[in-house]
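Dock chain C against chain B, hints included.
If you want the building blocks of each chain, they are given just below.
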Amino acid sequence: MSEIIPIGPYHPLQEEPEFFRLHVEGEKVVKLDIDIGYNHRGVEKLAESKSWDQVVFLVERICGICSTSHPAASVLAMEDLAEIEAPERAQYIRTVICELERLHSHLLWLGLAGHFLGYNTVWMWSWKYRETVCDIFEKVTGNRQSYAMFKAGGVRRDIQDMDIPWIRSSLEKLKPALDMFKGAVMDDPVLHARTKGIGVLTPKQAKDYCVVGPIARASGIAIDVRKDNPYFAYDWVKWDRVVLQEGDVFAKAAIRILEMYESIKIIEQCLNQMKSGPIDMKVKELPPGEGIGRAEAPRGEVFHYIVSDGSNFPVRYKIRAPSYVNIFSNEVACIGYQVADAALILAAFDPCYCCTERMVAVEPKTQRKIYTGHDLIRLSHEKTFGIKKELGLT
Amino acid sequence: MTWKETEKIIRKRFSDKIQKWIVHNKNRIYVDIRPDDLVEFSRFIFDELHARFIIASGVDTPRGGVEILYHFDFFQLPQVFSLRVFVKKPGLEIESVAPAIKGTEWIEREIAELFGVRFKNHPNPAHLLLPEDWPEGKYPLRRDQ
Chain B
1 MSEIIPIGPY
11 HPLQEEPEFF
21 RLHVEGEKVV
31 KLDIDIGYNH
41 RGVEKLAESK
51 SWDQVVFLVE
61 RICGICSTSH
71 PAASVLAMED
81 LAEIEAPERA
91 QYIRTVICEL
101 ERLHSHLLWL
111 GLAGHFLGYN
121 TVWMWSWKYR
131 ETVCDIFEKV
141 TGNRQSYAMF
151 KAGGVRRDIQ
161 DMDIPWIRSS
171 LEKLKPALDM
181 FKGAVMDDPV
191 LHARTKGIGV
201 LTPKQAKDYC
211 VVGPIARASG
221 IAIDVRKDNP
231 YFAYDWVKWD
241 RVVLQEGDVF
251 AKAAIRILEM
261 YESIKIIEQC
271 LNQMKSGPID
281 MKVKELPPGE
291 GIGRAEAPRG
301 EVFHYIVSDG
311 SNFPVRYKIR
321 APSYVNIFSN
331 EVACIGYQVA
341 DAALILAAFD
351 PCYCCTERMV
361 AVEPKTQRKI
371 YTGHDLIRLS
381 HEKTFGIKKE
391 LGLT
Chain C
1 MTWKETEKII
11 RKRFSDKIQK
21 WIVHNKNRIY
31 VDIRPDDLVE
41 FSRFIFDELH
51 ARFIIASGVD
61 TPRGGVEILY
71 HFDFFQLPQV
81 FSLRVFVKKP
91 GLEIESVAPA
101 IKGTEWIERE
111 IAELFGVRFK
121 NHPNPAHLLL
131 PEDWPEGKYP
141 LRRDQ
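Those protein sequences? They're chains B and C, same order as listed.
Quick note, the first sequence lines up with residues 1 to 394 if you use this note's numbering.
Quick note, the second sequence lines up with residues 1 to 145 if you use this note's numbering.
So here's chain B without its partners, still in its complex pose (with noise of 0.2 Å):
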């Protein structure tokens, strides 16, 4: 007989609420139903009700953690429709901005996984670090968050010479914080125990359930819009794509520690190529018909499909965010594991919930077991310690 483990629905997470509803034998997760849509805000509809150059601005509010990559598509998609090419030097800052924002990403899910883990120490850090990168976002952009700095044609700011030294000094010292983060977690043989062999989504599972970004990539399939369908100067820099095999909540954390390391690469090197030049481009009216565009955020390809009848207006605005498909496949990835290990599972596709306390169980009807975002964190917290008794650390 199994017992549900309701997760949500209301609490926000760090980007959208999910409900998970969780059955439990005992201990084990034996099946796993996902709910979306409590707080679905219409962004499709209301893009119909704007102007193309509105819809940017609306679309940068999708999200708050990687709010410049539905832009990035955005631009993408109205340029692909238009057959326009921004400008060589508004290519290069629309590549530093993505980069940025990918390593603020990954910082913040960094620490949010330690914290799950009782690793308060790397939360701190990592936190700590990721204000270097928003720092770095305040002086360009003007904003810690939603920069507002794609259009379609170019980028709305330049980034300044003077400030390119104290850009390049800042990621300088971000180095050294990610090889200690690298060495955290690869090195400590707790987080082995606690991460490797868990949560494991297979190659041919991630194909099934169509998955996209680390979450693929870790899982030994080498998928990355920027190398595959290169867009903006990332074709102009060398990088590597960071792939691995092993599919685990081990493999999801290195892949973006191991990540984090090729946006520095990307960003300095845009930096050294940059020439002075226009950046930005006058468009005209866009014309009647369709566009794509897709641009990988930190979580995974984002995608944009317009239509457009040659008004000012979309017809039709179709976004496709890389955790739609991700959620998806934690119906597969948390069978079988404990529901301590769960809320790992589910945190290390990104979309963490655990991070708030306002998780709170419903079914009245039956007796059944309730567990809250408190619990779940405990249950967490317990797992790790036991591991650290069992090896003597404590």
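Treat the hints as calculated values from the structure; they're not laboratory data.
Treat the hints with care, since some could be wrong.
As the list claims (entries may be wrong) - Ranges between beta-carbon positions, derived for each pair:
1) Asp-144/C with Arg-41/B: 20 to 26 Å
2) Gly-137/C with Met-186/B: 52 to 58 Å
3) Gln-19/C with Ser-170/B: 52 to 58 Å
4) Asp-36/C with Glu-382/B: 31 to 37 Å
What the hints assert, rightly or not - Only part of the chain B face toward chain C is listed, based on derived beta-carbon distances under 7 Å:
5) Lys-151
6) Val-307
7) Phe-328
For each residue, glycine too, the CB sits at the ideal point set by N, CA and C.
Here is chain C on its own, set in the frame of chain B:
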């Protein structure tokens, strides 16, 4: 496999089923097919050519039906390959791709509730975004309502 080889295989296999092959630019290809051929077409490119399903998108058109595009890409290739089917009103019925490609399950549920398209043989035709008590016959993205 290169795009040229992929294109050749698809064209050969479905020569009688491709109604229109539109090259918007070298990386964006739209292919019009009949709704009845959709499952066979998608299953073939997914299983045999290792296509990845990106997402499907629906548009309510003034031409008396809903246009649905199933967007795919091929492993490490830049092309986005969009299969376009036109589902006629008032029936708005089409065979579900979900039994062949698991990843289409959610988006088909979404298109069903937002446009009123009925996906036959869908494994779980419940609401996805809208609440369970949403009134029957009301479709938020339909233009005729």
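Practice task
Go through the numbered hints given earlier and state which of them the structure violates, listing their numbers in rising order.
Solution key: Result: hints 4 and 5 break, sorted rising.
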